[in-house]
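Engineer: As a plain string of letters, each chain reads:
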Amino acid sequence: MKRRDFIKTGIGAGVGCGFVPMQSLFAQQGVAKTLYDKIWEAHEVSFLGGITSVLHVDRMMLPDSGPGSIRQLLDAGETIKNPELVWAVADHQVSTSPERYTNRSLNLGDVANEFPEMKEELAAMGIQAFGIDDPEQGIQHVVGPETGLTLPGMLMVAGDSHTCTHGAVGCVSWGGETARNVLLTGTVIRERARNLRVNYTGTLGPWVRGKDMILHTIGALGADAGNRCAVEYAGPLVRSLGIEGRMTICNLSIEMGAATGMVAPDDTTYEYVANREYAPRGELWDQALAYWRGLPTDDAAAFYRDETIDMTNVEPQVTWGISPEHVIGISDRVPAPDDAPFEKRDAWRRALEYTGLTPGDTIADTPVDEVFIGSCAESRISDLRAAAEVVRGRRVAPNVLAWVIAGSQPVKRQAEAEGLDRIFTNAGFDWREPGCSKCYGSNGDLVAQGKRCVSNSNRNYVGRQGIDAVTHLVSTPMAAAAAIAGRIVDVRRLMAGEIA
Amino acid sequence: MANGFSSLSGIALPYLHGDVTIDHIAAPGVGMHDHGRTDPELDSSTRRVCRAFELERYFADGSENPASVFNQAPYRNASILLAGRNFGIGGTQTPAAAYMLGCGFRAVIAPSFGPVFHDDCVQTGLFPVILEQEFVRTLAAATVAAPQLEMTIDLEQQTIARPDSGPIPFQMNPRLLERFMRGLADEDETMRFQEEAEAFREAQQSNQPWIYRPTGDPK
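In the order they appear, the protein sequences are chains V and F.
Per this note's numbering: the first sequence = residues 1 to 500.
Per this note's numbering: the second sequence = residues 1 to 219.
Read the hints as simulated data drawn from the structure, not as lab findings.
A couple of the hints might just be wrong.
[Unchecked claim] Which chain V residues stay away from chain F? Per the calculated CB distances, all over 10 Å, these:
#1 E84
#2 G175
#3 N181
#4 T201
#5 D224
#6 P280
#7 Q287
#8 L401
#9 G428
[To be verified] Far from chain F, some chain V residues (derived; all Cβ distances over 10 Å):
#10 R71
#11 L74
#12 D75
#13 R100
#14 E177
#15 Y291
#16 T308
#17 S323
#18 A336
#19 A347
#20 T425
#21 A427
#22 K451
#23 Y461
[Stated by the list, open to error] Stretch by stretch, here's where chain V covers chain F in the computed footprint (C-beta under 8 Å, at least three residues):
#24 67 to 77
#25 96 to 108
#26 194 to 207
From the three backbone atoms N, C-alpha and C, an ideal C-beta is built for every residue, glycine too.
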């Protein structure tokens with residue numbers, strides 16, 4: 001096909017799924033459908049031709065600014081559409097200091113006050129709103145699945161780009177929507193993505209987990225591999241993961257530019273969802289379950305792209321540059337710009353200049369100043385348990401500032417009930433209150449200027465964690481190991497006693 | 001959403017780096033780079049806080065970096081950015097497109113965009129033109145040779161022209177083009193489907209009632 005045909009669609013993708021008209025794809029697919037197609041079509045309010053539709057929104061998730069957005073509309077005499085499908089949680093701007101409840105000015109904006117002030121009014125409309133005083137509060141992408149506000153089969157939208165996390169329970173979810181449109185109309189207008197399946201094969205080595213799977217995938221396929229694609233993660237390795245591991249994988253879908261990421265629901269999903277606070281019960285549960293069982297991709301469904309990632313012999317991953325695709329195994333050496341494809345050499349040069357690494361050096365043993373464990377990528381109870389297993393009986397290296405931030409109040413309470421907080425604090429970690437924190441710094445939690453941070457979050461962009469701060473993305477146990485050693489190390493070697 | 005427009009003219013700024021991230025356009029972190037300054041060279045009617053590309057426009061102490069192309073005349077008054085492939089990759093709640101508008105940019109011309117940023121441009125009113133790389137380079141070369149000459153993007157004709165070089169055609173999804181020409185926001189488009197949306201809701205509520213029960217039933 002000619003390039004003009006692609007340009008006509010208005011799709012701005014570099015690679016990914018950007019080059020073939022949608023119509024030909026649908027014709028090939030016949031009646032067999034993917035998970036994404038089924039959920040998309042089940043939410044079509046109106047098909048506008050081409051690849052554009054108006055879709056019904058099952059859940060709109062608002063951040064710190066949520067009560068303010070709603071107040072603004074109400075004051076203007078507007079009506080909120082489908083309020084019982086809207087919920088809000090304070091996460092980006094909340095302080096993570098234990099003093100945030102008493103010294104409320106530590107929280108930025110007016111986030112500490114707006115939630116309690118509007119709580120009753122919102123509840124009367126059917127809108128759930130979780131501020132710092134609420135037992136459900138936490139990072140939105142932890143809270144949604146945890147409370148059962150996110151359910152399989154839903155179309156769930158928000159402003160935040162990591163909304164793709166929720167796809168782990170078998171729904172379609174994306175960020176980048178404006179509160180105003182969704183609150184006024186209960187719908188979104190979007191262009192349909194194409195289906196990309198990533199099949200994981202092989203076996204996971206010790207201390208290799210969901211984070212390593214997705215980082216390795218982004219490294220192998222590229223940070224723009226998912227442009228205009230809806231990614232379905234499949235294969236026995238994904239099936240073997242719990243929902244929390246699947247959330248980590250789906251969370252980083254946006255780091256390869258994908259429109260969304262998801263895993264088809266299965267018994268692991270239903271077990272996870274059952275009895276959550278806002279999940280259906282009794283007859284409604286049976287009805288929902290029957291519907292959900294029809295969602296997984298049909299065997300005969302065609303994918304626009306099918307990629308296979310063999311995880312055998314893949315090591316714990318660590319990023320060396322300023323894009324999540326700048327990633328290598330822990331035993332690997334820092335690459336040289338000349339190793340890159342021609343069009344990426346300039347970017348690699350800039351990346352190395354920023355991170356201050358030397359091509360040919362091992363990434364292991366790079367000294368670190370700070371360690372951050374938290375974020376919507378990996379701050380759930382299974383992540384904290386993995387970190388605690390590494391930390392137990394050890395001490396944070398001198399001169400390393402190390403934080404652990406549970407993803408939500410329920411995760412924090414569970415960790416404390418298991419004594420994990422004591423393991424962290426005894427080792428010298430700070431154990432702080434739930435929020436987005438140093439992953440992004442929009443609450444003022446920043447990596448100190450020019451310092452090097454090993455982080456279990458999802459972005460290592462220039463300045464992401466602070467001015468001139470360098471970020472190395474790793475899994476949670478790898479971050480814990482770096483805190484102990486004071487340098488980037490192989491968690492497998494630390495646990496084998498090969499590293500002091 | 002800004003008012004609609006059928007054409008726009010202004011100084012272009014060549015910035016052809018590939019893979020510029022959204023966090024580079026709008027540095028995250030409240031207060032991190034909060035210099036709170038306005039651009040003194042913008043006239044008072046358009047003066048707004050300019051926070052795009054802070055990491056290269058300013059030194060950490062808040063002073064201007066004179067080596068940055070964004071601070072050099074005549075580019076500091078540019079309203080059209082000529083960009084490289086994958087401009088605005090990544091995606092998040094950053095106000096990257098809004099920051100660029102705040103700095104006086106009205107349009108970005110690039111071979112490809114990060115999809116989230118592209119959608120943000122459509123939503124905020126920053127005009128994103130997808131143009132083949134050779135044409136972007138041609139425009140950039142002409143700009144470097146005579147940077148003070150204004151570039152004109154004509155939405156009706158779908159062309160980009162300079163006084164010293166003939167019009168280059170570009171293509172755009174007609175729906176998006178109409179949005180910019182009429183200054184429409186998402187809600188202006190979706191509001192037209194409220195009857196269908198209401199009917200959808202009624203059907204869904206009876207077929208999938210569990211979606212409408214997020215009220216914390218007793219366990």
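Engineer: Which numbered hints turn out to be false for this structure?
Structural biologist: Violated hints (numbers, rising): 1, 2, 3, 5, 6, 7, 14, 15, 17, 19, 23, 24 and 25; every other hint is consistent with the structure.
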